[in-house]
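Order-wise, the sequence lines are chains F and Z. Its first residue numbered 78, the first sequence is counted upward by one per residue in the numbering used here. Its first residue numbered 72, the second sequence is counted upward by one per residue in the numbering used here.
To spell it out: a stretch of chain Z is covered by chain F in this simulated footprint if at least three of its residues, at any positions, have a beta carbon under 8 Å from a beta carbon of chain F; those stretches are:
| hint | segment |
| --- | --- |
| 1 | 134-143 |
| 2 | 220-230 |
| 3 | 308-321 |
| 4 | 324-332 |
Straight-line distance between alpha carbons at most 30 Å, and here's what the computed DSSO-like set of lysine-lysine pairs gives:
| hint | chain 1 | residue 1 | chain 2 | residue 2 |
| --- | --- | --- | --- | --- |
| 5 | Z | Lys80 | F | Lys293 |
| 6 | Z | Lys80 | F | Lys296 |
| 7 | Z | Lys80 | F | Lys295 |
| 8 | F | Lys160 | F | Lys108 |
| 9 | F | Lys108 | Z | Lys80 |
| 10 | F | Lys108 | F | Lys293 |
| 11 | Z | Lys159 | F | Lys137 |
| 12 | Z | Lys77 | F | Lys293 |
| 13 | F | Lys132 | Z | Lys159 |
| 14 | Z | Lys159 | Z | Lys183 |
| 15 | Z | Lys183 | Z | Lys156 |
| 16 | F | Lys296 | F | Lys108 |
| 17 | F | Lys108 | F | Lys295 |
| 18 | F | Lys132 | F | Lys160 |
| 19 | Z | Lys77 | F | Lys295 |
Please keep in mind that the hints were generated in silico from the structure rather than gathered at the bench. For each residue, glycine too, the CB sits at the ideal point set by N, CA and C.
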Amino acid sequence: MTDAEMMGLIAGSLVSLGAYSVLIGDNPISKITENIYMGILGGYIFAINWDFIQKNAVAKVAGGEFVYIIAILLSLMLLGRLKSEYLWISRYPVVLTVGVGLGLAMRTTVMADFLGQIRATMLPWNSLNNIVMVIGTCTAAAYFIFTAQSSGVYKYVNTAGRLFLLCAFGVTYGQTVSFRMELVIGRLVAMLDPRVAMYTYAFIVIIAAILAYGYKTKKIEWHTGR
Amino acid sequence: MSIIDKLLKLDQRIIFALMFIALAFPILNPVVLPMAIQDYSQQAFDFADNIPEGSIVIFEGGLNAATYPQGGPGMVVQMYHMLTKGVKIVFFSIGAEANLWTMTAIETALAKLPAGTPAENGVDWVHLGYVAGGEAGTGALWNDIRATVAADYFDTPIDDIPLLEGINDASSFSAILWWGGSEGSMPYGIRQISVPFGIPISGMCTTNEVPNFSPYISAGQLQGLFGGVRGSAEYEFLLNMPGPALGQAMATNFGGLLWMIMVLLGNVIYFVQRSRGEA
Numbered sequence: 078m079t080d081a082e083m084m085g086l087i088a089g090s091l092v093s094l095g096a097y098s099v100l101i102g103d104n105p106i107s108k109i110t111e112n113i114y115m116g117i118l119g120g121y122i123f124a125i126n127w128d129f130i131q132k133n134a135v136a137k138v139a140g141g142e143f144v145y146i147i148a149i150l151l152s153l154m155l156l157g158r159l160k161s162e163y164l165w166i167s168r169y170p171v172v173l174t175v176g177v178g179l180g181l182a183m184r185t186t187v188m189a190d191f192l193g194q195i196r197a198t199m200l201p202w203n204s205l206n207n208i209v210m211v212i213g214t215c216t217a218a219a220y221f222i223f224t225a226q227s228s229g230v231y232k233y234v235n236t237a238g239r240l241f242l243l244c245a246f247g248v249t250y251g252q253t254v255s256f257r258m259e260l261v262i263g264r265l266v267a268m269l270d271p272r273v274a275m276y277t278y279a280f281i282v283i284i285a286a287i288l289a290y291g292y293k294t295k296k297i298e299w300h301t302g303r
Numbered sequence: 072m073s074i075i076d077k078l079l080k081l082d083q084r085i086i087f088a089l090m091f092i093a094l095a096f097p098i099l100n101p102v103v104l105p106m107a108i109q110d111y112s113q114q115a116f117d118f119a120d121n122i123p124e125g126s127i128v129i130f131e132g133g134l135n136a137a138t139y140p141q142g143g144p145g146m147v148v149q150m151y152h153m154l155t156k157g158v159k160i161v162f163f164s165i166g167a168e169a170n171l172w173t174m175t176a177i178e179t180a181l182a183k184l185p186a187g188t189p190a191e192n193g194v195d196w197v198h199l200g201y202v203a204g205g206e207a208g209t210g211a212l213w214n215d216i217r218a219t220v221a222a223d224y225f226d227t228p229i230d231d232i233p234l235l236e237g238i239n240d241a242s243s244f245s246a247i248l249w250w251g252g253s254e255g256s257m258p259y260g261i262r263q264i265s266v267p268f269g270i271p272i273s274g275m276c277t278t279n280e281v282p283n284f285s286p287y288i289s290a291g292q293l294q295g296l297f298g299g300v301r302g303s304a305e306y307e308f309l310l311n312m313p314g315p316a317l318g319q320a321m322a323t324n325f326g327g328l329l330w331m332i333m334v335l336l337g338n339v340i341y342f343v344q345r346s347r348g349e350a
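So here's chain Z without its partners, still in its complex pose:
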């Protein structure tokens, strides 16, 4: 049996094992490879950095157990970025599970804040919790907050929250930060808040969804996008807050390299076979 035949009959479990090693190695032995900042991440960072102090922003937390490891570090950094700038945040989640992970990120960000940073619940930030109904729920919430949710995540009645005093729709907000993860929900924010109220929006999605949302960036409807763990790593880098995402981005490089070798090998074998008239 020739090498080509052996490779063609290779058990896929060997490829899985190789991929496991390629991904685990940089985690066990941290290696830092050069990293260029992508345009979309730079745009999203500049957008966040230019939000004026004292503004109030809408923050959708859509990460779940699967996507939190890649988006969570960036989400935490963005919360840190906003609160240290003196920007107030109103959180909500359209996913039941995401609601819990958003709270986890808030707690992590609060723990990292420098002493003396104003970050009082209800004054500097508020988490409205889970809102059912997907796009319809998003539209309902930001057209009439009090008719849609009676209390926040901690069961505090909306009327008792100082930050929401005199606010009942999206018109009082300066920006939307949409951490949709793999929800595919970013168009909800564009269609139901950004376009009707004229509020600029930027966001984060998982790597596989970046091509879906890049037309919105080209059209100027989305002011930037953090894609997957690399986006999170770039945010950490740009804010000079090295964290877990940078290490994970390096592991992605190693895995990507192995995958590229596999694809090239597969194509070489295909052309060799075709030249022999076997393919």
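The shape of chain F in the complex, shown without the other chains:
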């Protein structure tokens, strides 16, 4: 491992702990790390996009492909958003972007997101999976028919649809919790790497000491946890 990579791991450990300190309550350390992250990411994204524009628009215009002047002009018009009196100028490229995006998406949405999904529901009733899939899809779709009275047979269809939807929400919730844990684990693996673990422990002690001093002297507001 190079010195630069080692420094990266150590800095990552410090910044991660600073960011996680928000779990104790909003505090100056978490704010500093948030602002550092936003600043670095903003700068990086600006540089990458600037490079993209240079290579794929400015260089092409310089090479004689003048059609790319239109793209550059439209991009510049977007900057009108920065001053309220020129906001109207930015609406034209925004409208164009929305239109192109919609057109591109609609081109194959009917096949990908509509017909393909309907076809996938037309299954033979030869396995429990297929039966659950067909009944679940039909009853969940029927749940959103708000013009029908929830009485008679439809009441049972409605209830079944609601149950299927609740199961789906449960799955999504479980997966989301798992995802959040995986985010923490990813950081923990780097922070507890034997080569930087001692730095991590030292940072925990330092941050805890700063916060304890801040809370004791009331320089940092203590949030009652729930």
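Take the given structure of chain F and dock chain Z to it, following the hints.
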């Protein structure tokens, strides 16, 4: 104050601390629990394994700083899998930050390759770099590569890259491998490349997005899916390349167990309170 009242007034920071311990413990003391391979992962692995030698595949790298630890190990393994099979790869990223992480994964995969594996930049793989515009950018790139990007990640002009000789759209590719992470961009690949050009696609997303994309698998539009760190761990296991994801998957098990206990406890307390007429 009864135990139930104490539990109800439990400071959430104690739960955070417990979760921290549950997640850190298996990382500091590696434990291997039995793991079953999920259908979606097996399908994605079989799909990749059946790509014929000499094919060229499209590879979207959409992982960022937050999602690379969970998806990165699997992404590296897939690159290794493809290059050792003699499959050529054309990388691109629709995220500015993801562009950098894709390059990190490429470097890691190249370092792991057995000696003698053909993996020359521009011949066996090429990284087109960041492409702005999200879905519109994806559509533009794979309909006309040269009109969308002038040079690759290393500033090599597209016309000087041997792998892209005679290739200017997606029709020359055999498969799409979409490592979208948490971008939510997999439908871009389906709508803009897979459906118009008739190229099969498989991918990876973060765990929370698996339910969003499972309808595409049922419909046969997606040939398989690696979900989160578990998906990465399963890829490592299936390719017999134990790596960082397996350890992380074990930590997820411990965290999940604690979370399940908390949910059950919360429900028990709710029913006890309701039986007392307090809820």
